[in-house]
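**Q** Protein chains in written order, with my numbering: chain A, 1 to 180; chain B, 1 to 270; chain C, 1 to 282; chain D, 1 to 288.
What the hints contain is simulated information worked out from the structure, not anything from laboratory work.
Fair warning: this is a prediction, and the values are worked out from it, not measured in the lab.
Where is the CB? At the ideal position from N, CA and C, for every residue including glycine.
Hints are not guaranteed to be accurate.
Partial list, derived from the structure: chain D residues whose beta carbon lies under 10 Å from chain C [stated by the list, open to error]:
1) Y24
2) A173
3) T251
4) I273
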Amino acid sequence: MNLSVRKIVISGILGAISILLGVTRLGFIPVPTPAGHATIMHIPVILGAILEGPVVGLITGAIFGLFSFLQPGAPFFADPLVSILPRLFIGPLAYLIYFLTKRINTIMAYALAGAFGAATNTVLVMTMATWRGYLPAEVSISIGVLHGIPELIVAAILTVVLVKGIQRVRPVDEQTSIKK
Amino acid sequence: MELTKNITLGVYLPGNTAVHRLDPRTKIIASTILIVILLLINSYQAYGYFFLFISAVIAAAGIPPGYALRGLKPMLPVLVLMWAFQLFLHSSPDADVIFSWWIFSATDAGLHLGNMITLRVLFLFTVTTILTLTTSIVSLTDGLESLLRPLKKIGLPTQELVMTMVIALRFVLILAEELDKIVKAQMARGVAFDRGNFIQKTRKIFPVFLPLFINAFRRAEDLIVAMESRSYTGGKGRTKMKTLHMGRVDIACILIILLFTGLMVLTIFT
Amino acid sequence: MFILNPLIETFDLSYAYRTGSDRQVQALREVNMHVRQGEILAITGQNGSGKSTLARHFNGLLTPDEGEVLISGLSTSSRENIPSIRKTVGMVFQNPDNQLVSSIVEEDIAFGPENLGLPPDIIRKRVDHALLTLNLEHLRQESPNQLSEGQKQLVAIAGVLAMRPKCIVMDEPTAHLDPRSRREVIDNILRLNREEEITIILLTHYMNEVVHCDRMIVMDQGFIMMEGTPTEIFYQDGKILDYGLDFPVATRLARSLKLHGIDLDDNIIHTREIVERLCQLK
Amino acid sequence: MPIEVTGLNYSYKKGTPFEKKVLYDVHLRINDGEVVGIIGPTQSGKTTLAQHFNALFIPQSGKVIVNGINTADKKADLVKLRHEVGYVFQNPDYQLFASCVGEDIAFGPRNQGLPSEDVAARVKEAMSQVGLDYDTFYSRDIFALSGGQKRRTAIAGVLACKPKTLVLDDITAGLDPRGRDEILAVVKRLHSEKQITIIYISNSMDEIAELAERVIVIDQGRIAFDDLKINVFNQPEKLRDIGLELPELMTLAIDLHQQGFNIDPALLKFDEILQSILDSLQEGQVRE
């Protein structure tokens, strides 16, 4: 595997945003559920996957996971199997959905990638938390539904808006990246 | 208003104890072994040994005991809730009911499970906290880079992966300051972030997220150019100014960890 | 034309940015210029004049659409020349935050030499020398986030210096700085040229920085419009105003005084020169 | 709407180990229709001070009263106050996000809940105030603008909220001379035609000299001077000690003054200095 300077830098900076959203709590949107918020910390991971491919999505997800392991926001994130492992799948899966649907309609592909990326996060984290015994299945499922659905909708919309916004400033010319 | 007020990246507590002076690689290896042990043990006896061991480490590192658990405070309610979930909701056919209240009934199996996962989370948290309290995040990345080096042979771009982390750490504070300014610029134009219902609040995210991400991508373009102009082409052929050295203390530490692992293996299998 | 010791030469260099949907923005048009070993060359022009695009051709960040760029005789168009070109020509950019990589000053300065694959002890020596040269020793363990913008820019310069380039291209290094840091950075750049014999190419639109340079080039719309010593250019005619630039304060004053019949020479660009001359007249 | 600041103190990261005091016992009053320059070295606290004027910072101790409203008052309508005291940030990229110039300028008035025809009228007016042609620029992509145009869009975005006071925080940073002159011309016009109170923050004495009548110098969180421009700039040595770089024209005037020319270094305007030199030279010749 070979990583271009571009992929390294973009993964790093998106990883930084993911960490930032966590520490400022800006990554949490207040939603009317008992827990009170939906997370959008995985948005940079999804964006990285769509804009730069699955590898960038994977790395950004790893940074997101590693940070959530080192400074856990919920007790079960102290377990790397819950905090790191599920996050590795968000990017590649979002990319896959985007890749499969982009020919039909790009905007829809962004939205679907966003929604699936968010769903991957919720489903896998909750599955791992249940499997590792931190939460009973009933609780995981209800949290998954109550949080998962608003998160999925917010992620779909944010992904579309952000990808379109970022594409306005991205150079078409990528001559500066010298590949070896 | 200060958004960046509570940002602490890593919780490094500078000191000069033996634990602080250990090679970061030793600390990463030791922590990894301890974490793996924690993921496997499942008895009060094992946790008992673990408690003694980790207490000795905390003492050796000169960390005030309360400090090690300080970060746990905001998570306490969820921790109690998790324990209660297992206590009341765990169902197994041959479990004895300890007590019942309204529609809830607690079983002994539920109590055991609740205690086990709570202990596991507590100790996992303590291990990572000790690691980050005694090791600066920069030397953590140095250690990680050196440890992952053998994986290059199987084609993993380990140096590049660590570089993404270096960049992430460098940019968190820069982007935090930027976020602060973006939020303020929106407030200055009449956005009230604390008002409105769920949908209205969600809509207020866009004027913040768009400039944040767009500027981040602009910075990325600048940094790509700057790194390339400084001859960066990836990990290939790159050397490091700082070389890590494992000393006698490190070897001693690894030996202690191995002995402790042996003890734990014995408790798991007996 | 034969130029002694050309470090950089461009021949009919043209370059266009492609901005989506086949639209092209012609940034450079048949640029012919050269940089002499050891000089300080100012490249000026308003934003969008093409000076930054030109500068990026000097270490192979961009390669010509048409024409050629030679660095110590090596063409930037051949990929195998790029590593050696980047060792010869270093670059410092406008925003220091977007060019520092590490969260520790000395490690950032080591970044370039590390990329060159030098042995650790050599890197250490170079880093120490760069820190010493730019008076940054007391900051070596700091995080760039703790530094002022001016200090960050000096760290960026130190990072390039540690790669021991023959030439440093500074792409508006002072545009984001306050006036005092601006002067500090410029003083350091001039000292690098004097003491370390490094060729400097300074991109700027501040005329009080241009006056310290040996030679200047004025660009507009991708063309080189004027070339010469600052005195030649400021006293040729008023053309420089057409390109969105100013006269240095001393020149502007001298020109106005001359219009009022005061006898002044046609070479005043520094404040101290006009003060001296006026004192003689008094 | 006067701004009154009494006994203002502020510390960053208060209550953490990284606490750092940035404002010490600041007292000042800004009256309607003034053009006040606030100058100080970087990190002297001038931005923190100015962001108290529109309640982006709430005083930790002391009081900030804007047009009779205490910003620390829990019941105060801070959103309305922020429309009255407009704040333009240094970097337009923090503020601009919409798909085109017109949409971005409309953001503020829309937040005020105005009907769409009023919003459109406000956008049109704001664009003309900053010299952006409505037809040419309304639907122009923000990222296709030059640095000067971006800043003018940012100013228009704030003007569209109809502020009575405008705080301009180092808005010329990074502009080339032409872009800078355009922006300064817009600011002058806003004051002379619309009588908007201008609070102009900068670390360039040149710009302050060109715009302001009254100058407040901030040094390490304290007010070092608050006086008419001529009185402040008459103390070049003190300004230099504070860490301000004197304008080249001013150092030139000081040098000539020391050489016996009859020049007041605090004049600062090019034409005034030119005239003084001419006068001095003539006097000298007459004496001979």
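**Q** Using the nearest Cβ pair, does I273/D come within less than 10 Å of chain C?
**A** holds (7 Å)
**Q** Tell me if A173/D is really an interface residue toward chain C, meaning its C-beta lies closer than 10 Å to one of theirs.
**A** Check passed: Cβ of A173/D comes within 6 Å of chain C, closer than 10 Å.
**Q** Tell me if T251/D is really an interface residue toward chain C, meaning its C-beta lies closer than 10 Å to one of theirs.
**A** holds (6 Å)
**Q** Was the hint right that Y24/D lines chain C, CB cutoff 10 Å?
**A** violated (20 Å)
Violated hints amount to a single one, hint 1; each of the other numbered hints is respected by the structure.
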